[in-house]
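Sequences are here, hints too, so could you generate the full structure?
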Amino acid sequence: MNKKLAAALSGGAVLVLTLAGCSDDSDSDDKVNDWAKKVCDQVQPQLQKIAAANAAIQEQTADNSQPADVQKTDSAAFQQISEAYKALGSAVDSAGAPPVDDGEATQQEAVKGLDDASKAYANLKTKVDALDTEDQAQFADGLKDIADELKNTSSNGANALNKLQSGELGSAMAKQDSCKSPSASASPGSGAQATAKAS
10 MNKKLAAALS
20 GGAVLVLTLA
30 GCSDDSDSDD
40 KVNDWAKKVC
50 DQVQPQLQKI
60 AAANAAIQEQ
70 TADNSQPADV
80 QKTDSAAFQQ
90 ISEAYKALGS
100 AVDSAGAPPV
110 DDGEATQQEA
120 VKGLDDASKA
130 YANLKTKVDA
140 LDTEDQAQFA
150 DGLKDIADEL
160 KNTSSNGANA
170 LNKLQSGELG
180 SAMAKQDSCK
190 SPSASASPGS
200 GAQATAKAS
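Per my numbering, residue 10 is the first one in the sequence shown, and the count goes up by one each step.
There's no promise every hint is true.
As the list claims (entries may be wrong) - Straight-line Cα separation of at most 30 Å, BS3-like style, residue types lysine-lysine; simulated pairs:
| no. | residue 1 | residue 2 |
| --- | --- | --- |
| 1 | K81 | K121 |
| 2 | K81 | K153 |
| 3 | K153 | K128 |
| 4 | K184 | K134 |
Hints listed in this document are in silico derivations from the structure and should not be mistaken for laboratory results.
Okay, here's the thing in structure tokens:
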């Protein structure tokens, strides 16, 4: 019942977790590196929260999962992801405009996108909370609708980070240990891609 939701969520989480997947081909100046470190030091805990929320939803993908348990888990996960995106937006905002061409516009666009993603996940939490767990068929239909909406929400949040991952900023962020994706062994969300493929 919850497999489509887990697959949709994992797709977004994996996109977000590619934050530091840029190649490190060019040397960035100290100011850009300093900016990247300031952001990345605040990013890692939020990536871990998103991975943990993703893992929690996947744990409720069994066919015998009870609607009430699924609802509780999904609601908490959406809340956690919403807070993580809000914190990511705050991290980019508090770091100031990056010292690159169009840095202020890049920063504002990223902050707006992350804040919008935060609001969208909060809205998904409200929708999950409103589902009727007494009617399993109706609950499953409701989850399907939420999963469809989640695909857009996930990709929009990831797109907000893409700007920061390009060019000089991307190279600088890729150098920061704190901006690297949680490793497959350490990340509770590392099974996300496998779940998405299996669904």
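Hint by hint, here is what the structure shows:
1. Distance check on the hinted pair: K81 and K121 sit about 29 Å apart at the alpha-carbon level, within 30 Å; holds.
2. A hinted pair counts as satisfied when its Cα atoms are at most 30 Å apart, and K81 with K153 qualifies at roughly 16 Å.
3. Using a Cα cut-off of 30 Å, the hinted pair K153 and K128 holds, with the two alpha carbons roughly 20 Å apart.
4. The straight-line distance between the Cα atoms of K184 and K134 is roughly 35 Å, outside the 30 Å bound, and the hint therefore fails.
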